[in-house]
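*Asks:* Following the working numbering, the numbering of the sequence shown begins with 30 at its first residue and continues without gaps.
Hints in this document: simulated from the structure, not taken from any laboratory. Please read all numbers here as calculations on a predicted model, not as lab measurements. Treat the hints loosely; a few may be bogus.
[Unchecked claim] With beta-carbon atoms standing in for the labels, derived distance ranges: (1) Arg134 with Tyr44: 19 to 25 Å; (2) His52 with Arg83: 20 to 26 Å; (3) Gly80 with Asp114: 27 to 33 Å; (4) Glu32 with Arg111: 40 to 46 Å; (5) Arg147 with Glu55: 35 to 41 Å.
All residues carry an ideal CB built from backbone N, CA and C; glycine is no exception.
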Amino acid sequence: RVESGNWILYELPNYRGHQYFLHRGEYPDFQQWMGYNDSIKSCRLSPQHQGSFRIRIYEREEFRGQMMEFTEDCPHVNEKFRYNDIHSVQVQDGYWMFYEEPNYRGRQYYLRPGEYRRYSDWGATSPRIGSFRRLHHSF
Numbered sequence: 030r031v032e033s034g035n036w037i038l039y040e041l042p043n044y045r046g047h048q049y050f051l052h053r054g055e056y057p058d059f060q061q062w063m064g065y066n067d068s069i070k071s072c073r074l075s076p077q078h079q080g081s082f083r084i085r086i087y088e089r090e091e092f093r094g095q096m097m098e099f100t101e102d103c104p105h106v107n108e109k110f111r112y113n114d115i116h117s118v119q120v121q122d123g124y125w126m127f128y129e130e131p132n133y134r135g136r137q138y139y140l141r142p143g144e145y146r147r148y149s150d151w152g153a154t155s156p157r158i159g160s161f162r163r164l165h166h167s168f
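Make a model of the complete structure from these sequences and hints.
*Replies:* Quick look at the structure:
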């Protein structure tokens, strides 16, 4: 159960492994948070953010190739960006969650403000991203 705030759970110690985003609510089992198993070895509170959101995604590593800027959630990356692969990212404002599949499904990746020069920088083993959304503070 999450009583307040937004939490990022990690399958392994030191904020590694599969990542899961949980907001206020009941989670009777790991499948409720789209988990692969019930192993949680570390967690962190996602800081409260009430300002604007802005993220730039790039077709290639090191911020090369096609770039597109977003300020809203994106349920289908391919429909907006015309690519399924995102190789680098600049998070300008806010906190974001990437998902491997469209409609906020599949493996999740938590992104904080900063630069991600390659997909491994956000913990992914592949550049495939199907959707992403802003993380609003949950009370």
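*Asks:* Compare the structure with each hint and give your call.
*Replies:* Checked hints:
Between arginine 134 and tyrosine 44 the C-beta distance comes to about 22 Å, which sits within the given range of 19 to 25 Å. The beta-carbon spacing between histidine 52 and arginine 83, approximately 21 Å, falls within the hinted interval of 20 to 26 Å. Here the CB-CB span from glycine 80 to aspartate 114 is close to 29 Å, well matched to the stated 27 to 33 Å. Restraint check, glutamate 32 to arginine 111: a C-beta distance of roughly 41 Å satisfies the suggested window 40 to 46 Å.
Roughly 37 Å separates the CB atoms of arginine 147 and glutamate 55, a value that falls within the hinted 35 to 41 Å.
Hint compliance for this structure: every hint is met.
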